Amino acid sequence: MPNAKAVFLETLLVAALGMLLAVTANALSQRGINLRQDYFPGAAKPPVLMPSDTPSVAPPATRDSVNPSNPALKRLRQRGLQLVSRSEVVTLFRDLRYEQGLVVFVDARDDQHYTTGHIPGAWQFYHYRAENYLPAILPVCLTALQVVVYCAGGECEDSEFAAIMLRDAGVPAESLFVYAGGITDWTTHGLPVETGSRRSGVFLAPKP
Amino acid sequence: MKAAAALVTGRVGAADLFAILMRWLLGAVFVTLGLNKAIEPLEFLKLVRQYDVLHHHVLLNLVTAMLPWIEIFCGLLLLLGVAVRGAAVLILVMLGSFTAAVLLRALALRETSGLPFCAIKFDCGCGAGEVLICRKLGENFLLMALAAALILWRSHRLCLRCSVFKS
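Those protein sequences? They're chains U and Z, same order as listed.
This note's numbering applies: residue 1 is where the first sequence begins, and numbers increase by one.
This note's numbering applies: residue 1001 is where the second sequence begins, and numbers increase by one.
Isolated chain U (complex conformation) (with noise of 0.2 Å):
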């Protein structure tokens, strides 16, 4: 058998050059995660996500699909966000005011789901990299009038963080909104997506 003390005195000790290497290696990476940042602003506790192959009990949190008991709709609600529906950000998207940049949509997903496809001039704000997207993007939101932030919709929340990092930032309340649908519906329904960087004019063709 081997000696206990030996052995707990050796764990400690791998658990302590471990944990050095650790902080160490996370603050030198840059893909490493800022300890002090909140990724969830107003997240209290996750949704219970399904397992794969499941199909989601809940519909999709749209108001073109009214559940008042859907619980994306009352996550939404305690987070103090508006939800908008795909009918109304059709209508803004139409909106001449769009082109004008008083209504911005604010795509919340990560690289390489944005440049597959986002709606066409949206900018990209992934939360969890907050620095790098910020410094463009919070002047624009804030001379806007209107902000829908979408993600990819269904149990995807990160539109709504955002969306609350937007608000923290000072965007006022009132003007921003939540597409809870997301490049999801937004597809589903054949709506035009512009594939690459905002405004490439490179769009995918609508599904038949």
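These are computed hints drawn from the structure, not numbers from a lab.
None of the values given here were measured: they were computed from a predicted structure.
Heads up, the beta-carbon is just placed ideally off N, CA and C, and yes, glycines get one too.
Worth double-checking, as some hints may not be accurate.
Calculated from the model, a selection of chain Z residues having no Cβ within reach of chain U, i.e. all distances over 12 Å [as the list claims (entries may be wrong)]:
1) 1034
2) 1041
3) 1073
4) 1092
5) 1103
6) 1138
7) 1145
Restricting the straight-line Cα-Cα distance to at most 27 Å, the calculated cross-link-like pairs of lysine-lysine (BS3-like) are [to be verified]:
8) 1046/Z with 1121/Z
9) 74/U with 1046/Z
10) 5/U with 1046/Z
Selected chain U positions facing chain Z (Cβ under 8 Å, derived; list incomplete) [unchecked claim]:
11) 16
12) 18
13) 19
14) 28
15) 32
16) 33
17) 35
18) 90
19) 128
The hints should help you fit chain Z onto chain U, whose structure is shown.
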């Protein structure tokens, strides 16, 4: 060097060879899983949050930032044969905690989905993507058995410094 020479000349017993392979296997698994998490720490952060165990954001960030690197460190120690028992104890503790957390989450998912337990499939944040829960639990118990064997089994073959302290 003596150990390496013994391995080459075939003077390593079957038990030693088994101990070496166990150590390398466990070490390689932990380096691989740790790297998968360390490469995309934000994705790992989102998955850890789903467990709803760490409620303060600083604590959540700290655990998420440190876990992958500690796994890599322990894995490397096992591969090199340094502080083998200490690394194995730490791995055993981590595996025990992960297994309990994954099991509880799977039970909660079974409640909400109504699926049979072994049909539950989700990304547990273990570094291997989506897995079937029964398979994941089986893997974890196997890895825990390997770690326990390394703690109890004294073999200094192909070790740089098997024990840091004299035992």
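Broken hints, by number: 1, 2, 3, 4, 10, 11, 14 and 18
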